[in-house]
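Chain by chain, the residues run as shown.
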Amino acid sequence: MIPYSHLLHLAMPEVIVVITAIVALMVDLSFLRMATLRVRFGVTVGIATVGCVSAILALAMMTERVNLFDGMFVVNPLTQVVQIALLVVTILVLLLAVETDFTEHVGEFVLLVLLATVGMMFLVGSQNLLTSFVSLELLSLPLYALTGFDKRNERSSEAALKYFLFGGLSAAFLLFGFSLLYGFANSTDFTQIGMAIHAGPLNPLLVVAMVTTVIGLGFKVAAVPFHFWAPDVYETAPVPVAALIASGSKVASFFVFFQILAIAFSGSAGEAMGMHFAQGWVPIVAGVAVLSMLLGNMVAIVQSSLRRLLAYSAIAHAGYMLIAIVAHTQQSLSGLIFYVVTYSLATIGAFGIIGIVEKGSGDDQISSFDGLHKRSPILSACLLIFLLSLAGIPPLAGFFGKFYLFVGALAALPRAGGLLWLVALAIALSAVSLYYYLRVLKRVYADVSASDSQPPPAPPFTVAVVVVLAAATVLLGCAPNLLLQPILNAVGSVGH
Amino acid sequence: MLAWTIYISFFGALLQLLVPKGNNTLARTLALLTALAGLGIAAASFTAHRTGELIQVANYAWIPSLGINFHLAADGISLCLILLSGIVALTGVLFSWNIDKRTNEFFAFYLLLIGCVYGVFLSYDVFLLFVFYEIVIVPKYFLITGWGSTRKDYGAMKLALYSFIGSAMVLVGLIAAYVVAGGKSMALNDLAGFAFTPHFQIWAFPLVFVGFAILAGLWPFHTWAPTGHVAAPTAVSMLLAGVVMKLGAYGCLRVAMTLFPHGLDPWGFSLVGLGSWRDVFALLAVIGIVYGALVAIVQQDFKFVIGYSSVSHMGFILLGLMTLNQIGISGAIIQMISHGILAGLLFATVGRMVYDRTHTRELARLGPMNLNKAIPFAAITFVVAGMAGMGLPGFSGFVAELMIVIGAWRAFPIFAVFVGVGIVIGVVYVWRAMQKAFFAEPGELAAHEPLDPITIPERLGAIILICTSVAIGLYPQVLLKVITPALNSPLFDGVRKGGW
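Sequences listed follow chains X and B, in order.
Residues in the first sequence are numbered consecutively from 1, following our numbering.
Residues in the second sequence are numbered consecutively from 1001, following our numbering.
Next comes chain B alone, as it looks inside the complex (with noise of 0.2 Å):
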């Protein structure tokens, strides 16, 4: 049933093609309907299967003389991946509401996108994987290009060499594995468990790993996100924020990791005190979770400020994979569905509820608005999301956090000291971010014009994302359960190495 995610979203975007010019209200109902249907099938096959463990989806001879299979299977981690991009999708459908330049061409791209988004988590051929990641490239450039703002050309196009570099090198190491593990299958667990040599995995796992990391924004590879977020229109950022940056942490965990686990190991000697590629990425994260976040106090735009504080979210993503203990790793899967649904919550408040109203966002223009008087809700949500996300116990932005520092603890315990620094200052950029564009001393310009209500659909969507994130800091035993089977499954055998 879950491969309908992706068959349900592809036939949303063909049918968009469908809608007559200027019918927009067919063309954004349909794309609701779309998106919901993806999320209740998620939801539905999230609470069927309760175990986590690996359950096959669909599995079709696809180019049998290469052993290439259409091969689709879902264990605890795609559930909750799936879940996220359903819900994330969903409520980016009700931001994308007032889209009203060629909305079914936007629609369909973005369903494509969404199916492509699906198609990675469910994949368990890598070259299906790689195909389904591959793809993601074109609808995201077009919706940048065709509905963006803000240097938009210069985004998009950053943000599609980035990601098509990323991918190149996923290729070359993906293709130099199939070839020596004989060339017989692309499936995941045949290549997993196929024993390649240490020599061969120390150089094609970093070079996998940094492909796919490319997109979860690594330092010193993060500088598309920021600009590619602020020039993407906010239904897009959410998505970009949201799903296609866990895309690339999806893809270090899921194929670098599992394929090359010995490229994790000890090289034998030690340059400037890093002696393995594991302390080396463990480095670039935190460089990037202390280095988003300085930058981020430095923003006069307002979207900048969120797109840094990606950039320092996912570092801490990328840390938790390198502990390589099983709170470490389970925190980073929690943290890619909190900041999943809390970077969609942040730009859609920017983007949506606080850009298309005022049509600024410098920091400096946003203060005299009185905002916080204007659009209340908008103000509310935005302290909700800051707060989540810098980690305030009951939301889940604090036990995502917390399992990874205690990861980190065991692994690397400096590292672990800067992080706590990062998380310090992370307070300090939501704070400002907030105290500028919201709670400033009202100026002249508060009386002008008054702006637009919230309306339905954004409260909708708000709501939507900030239950979740609360339901998840709550009870993150819901995500626990079916996860911590799936690391325990026998494709992260070597990532365990006998044990946690």
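Chain X extracted, bound-state conformation (with noise of 0.2 Å):
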């Protein structure tokens, strides 16, 4: 046993957000119910970056590598790379909410951001099933009740609502299939699941639990068949939770499924070559990503909400993405943590836009976006990059990111095609996203005759934080070893 001193300062980042939760929660109650709006949301948000940055501060100063119990806490380069990831996510998200006024319950609102945030902490650092579940149930809790924050909007309690039995049906999968690796392995722990699997042959009660894993999984990151709640929670939840929910969660839960499958499941893993398929769970996880990226590009294309569209194209980048599970090599984990982190900075600044122009035109169709460019240079210019990025246009994150993800995935099996396939049916689809991203540009930048209304003038600290994301994204696609070394050099000092 290690003394309860030891594993708080193990714990430390987690701690500090969690106090940070509940301080900036008591700040708001007590002292700030008679300030403004704007005034609630600064100061709270406020001291939520305050804390994010100290737990930033305190995983990057923390040395020690360790596995408690079983696997249920672990810290390690690799976890403190992505907790750092999600930390960075966590604040954008936060500083998108500062101009915004979908609520009145500033403090709960900080505070179940941040809770969602220690959940997908502790989901990053565990590689137990118990652990697991119980931190993606804590990351999903808060999610659910975020969705429906905006009380004014009844789509808006819909879209939580359905997100919420979706959600409840998944985490069932994923506790039934969790219960039958227990009773097989008798372990919780991803490596000793890892070693019984080794063992033997694949039997019907192991397939059972990898179907069910993958469907609890696969609800988490939306990828097909899993993915209806997708389109109407990013179509009405609140414009940060939307983005949060794209792009922390993502990335959170893309990691487990990664260790889950590629440590847990690591003998049964089976094949998905060319012609040539074995048992295992690789061929349904690449089952999964070619519907994903089929469904997501088609149907996107004929979308007339940007908020949808950007719903779909996350089902698409989710099928992009499994390949990268499919793969399952070292090199193919960190094309995925580089594309999971670039995908969520160009997500985020898309909302971020997104949430600019509701303001002024009440929603988010398409053609409220005519002619931005008239109206704000500067968004439509980020607008240009961020959707760039996504769909793949060098010199943006997103080029490199897909260069980096589908050479990890044809590297993983070089002989005999291996997954060419399934990467050459993913870039020939990332053209099809060309379509739709230049559909809504083309609207931006388009010639529309002077408009009778004049919107508002934009929000200038939201079009500060979109800015800085739009840099981030080009700075990335320009100089991609700033964000890949940190992960080459996490990914190789852990090893699998």
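Just so you know, these hints were derived from the structure itself, not from any lab.
Note that the Cβ used here is the ideal one computed from N, Cα and C, for glycine as well.
Incorrect hints may appear among the rest.
Stated by the list, open to error - As a list, the in silico PhoX-like pairs of lysine-lysine whose alpha-carbon atoms are at most 25 Å apart: (1) B:K1152 to X:K442; (2) B:K1021 to B:K1101; (3) X:K442 to B:K1101; (4) X:K359 to X:K151; (5) B:K1158 to X:K442; (6) X:K442 to X:K374; (7) X:K442 to B:K1021; (8) X:K374 to B:K1021; (9) X:K374 to X:K359; (10) B:K1497 to X:K374.
Unchecked claim - Short, incomplete list of chain X residues facing chain B, as computed with Cβ under 8 Å: (11) I393; (12) P395; (13) L410; (14) Y445.
To be verified - Covered by chain B, per the in silico footprint, the following chain X stretches (three or more residues, Cβ under 8 Å): (15) 422-433; (16) 481-491.
Got two chains here, each in a separate frame; can you build the complex from them with the hints?
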């Protein structure tokens, strides 16, 4: 046993975030009742930002590497890198909320966002069925509540209910699978489960566990056919919440998805090479990836709401990222982390712009973006960067993310074509994605007759956040090494 | 120094964004100076490096963990094409002197496009080349939707998607090649030096070649070209036909053929008389030559005539590449330059000199306007450009097509015959368009409203282009002297297969 003081020391980043959440709530409830919404958001988000930054510092300074209680609590360079990324994402999402007015429950909002972040952090630092499940729920429950946080919006509540019901169902599936796994391996530790599975042949119990695990996590990452909640949630959730669901939650879920399959199920991977399929989770995930890419890209074409378009493109992107899981090598893990982080930055930025435009026009229809470049050249330039990055146009971060992801996937099985079919399909479908992104951008840059009503000026702080995100997207595209090298070092130092 | 062609263009594009709205003169002057600086550097480098051997321009580590470098280098082929880009870019600015809608944005996109074009021609790292190649899609899309005409949204989207699908194919091939070669380096010579298995090359070659060739207007993937050219504003048509299509042809030669030379080997069996990818692409090129010319004959829209003539002329380039002999490939490179200049000139005449004044491009309506009296300069320019394009001795087109036909005669005698037919049809469509647009019977419209006289920038641009074409036609040696050593460099060992 290790002393509690040491445990607290190891969990310092998470502890800091929890304390910050409570402090933010207390401050809001006790001192800011009379203040304006703007002040309340400013102060609480300020507190939360300070908390997250200190958590980042705590993570950066931690040099210990531990794996406690059968993987229940893991600290190593890799978890630290991913947790730092999560905290950065959370800060950005909170900053987007500063100038909004979707709720009067500011303290509660910040509390829930930070609790979800703690859930993500524990999820990343867990290699154990029990803590994985608990932290997944800690992540999910605040998100359900947050989705319906704008009580004036009926459709938002509807989406929250839908999200909750689907989420509950998938959690049940996941738990069922986990219980079978425990029964099979007599352990909740990923590594030991992996060894137990390695020992024997594939049995039906294991197949059920495998499928239900993929269902449970496929829901979190919004992969087809577990994606039904995504378009509604993206469309109606308050902007910062939608941004968080599209970014932070994705980062953590993809990481744990990779870990469970690559460690716990390492012995039953199977194959999904060109003409050669073998039983295991690889063909299942490959199938889910193909479906996600096809459906996401095809359905995105016909959307008239930008948020729904982003939702379907998120489904397509989940498909690309699942390819990294299919490859399950160290290199593909680095590719996955790079991709999901840069994807998050672009998505948060796009949501930030949607929030600003919605305020002016009242909805997020693509037609509301007509001639945006006349109203705000800066915002439209940023939107150009985000959407082209999502489409994978160089020299933006999204391009390098795709490139490295696909290199990783091909390098996993370089002989006999390997995953070439999957990569070729992904690249072909990303050509489709350019169509719908360009359609939006065309309207942004189209000429429109002078609008009759002058929209309200864009909130300066939010614009600043969006510009920072755009700059980061360009920077990480031109100099991907800034992010790639730390990820490579971390992945290399852990080794599977 | 050559790297500055790229930097200056990008810098010029950024400066354009700072130009205050409405100050069109400043924007134009700035664009002119930027293009002039690019051309100056290109010309100075061309004259300084007369040997045509590879010169290193810049080499910085970019993504060291993947062995990707910011590596620029130029050999004789790149030098020629950079010179061409400089000339077309400069004249393009001259011919867009009348753009007065969002002028600074227009030139910002324009210069971004130019910078990337220089970048593709200078890249020696395949990843870098691909990056520049793909960025090009963005400015050309916005230039067409923003400042284009006839069905501009359709034309622009079609162009963007065709380009993107092409580059997707290239990307698949390049990633596969990079991974198979060990994932250590993306440098052109490293990849070209790696012995990919013949089995790998036989599928990777057509993938990458077609990916690039889509942008070079390979039949049957050429359909973006006429619609895109027609929809684009004049200067962008000039760039598209003059330089951007050459990016595709350059990629075919520089990447597809050097990386996967065995992809051109015989399959070992014969399918309807075709025994290798080389035969297949040569056939497609010949079909492109004849088809483009035939379709150009029946067009009613003046710009479509030029658009389809580009498809025909680009067919010559692809055929030249497939001959795999020195004279054929050198001819293809000279044709790239020749067509770059002549297509620029033709689009400038039709799009700027004629269309911007008459506001119609229908041959039937242009005829009665008696254009050879109203704007004689345009008529003369078109006659000269048309003659040069159909291969009149003394102009660049003659040299290029002659070399390609000789090369084709050695490699595919039957195809050479069809190429001859294509050249004859070329005479027909040029003649027909010329006759209908400029020398038809004058109608009642003739005296109605006097057209604006041809402006000085237009005259200047036309003269620059005509002089270049004549210079190459009279003294092709100036290009061949740098192209030949480049083709004999180790990079093209695989293509040469030990000798020509």
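Verification of the supplied hints:
1. B:K1152 to X:K442: Holds - the C-alpha atoms of K442 of chain X and K1152 of chain B are around 11 Å apart, at most 25 Å.
2. B:K1021 to B:K1101: 10 Å, holds
3. X:K442 to B:K1101: Given pair K442 of chain X, K1101 of chain B holds - Cα atoms ~17 Å apart, limit 25 Å.
4. X:K359 to X:K151: Satisfied, since the Cα-Cα distance of roughly 17 Å is no more than 25 Å.
5. B:K1158 to X:K442: 13 Å, holds
6. X:K442 to X:K374: 13 Å, holds
7. X:K442 to B:K1021: Within the cut-off at roughly 21 Å; holds.
8. X:K374 to B:K1021: Answer holds: K374 of chain X to K1021 of chain B is near 12 Å, not above 25 Å.
9. X:K374 to X:K359: 17 Å, holds
10. B:K1497 to X:K374: Not OK: K1497 of chain B and K374 of chain X at ~57 Å, beyond 25 Å, violated.
11. I393: Nearest chain B Cβ about 6 Å off; hint holds.
12. P395: 6 Å, holds
13. L410: It holds, given that the least Cβ distance between L410 of chain X and chain B is near 4 Å, below 8 Å.
14. Y445: Hint holds; Y445 of chain X Cβ to chain B Cβ min 6 Å, cut 8 Å.
15. 422-433: holds (count 6)
16. 481-491: Since 4 is at least three, the answer is holds.
Comparing the model with each earlier hint shows a violation of hint 10 alone; every other hint is respected.
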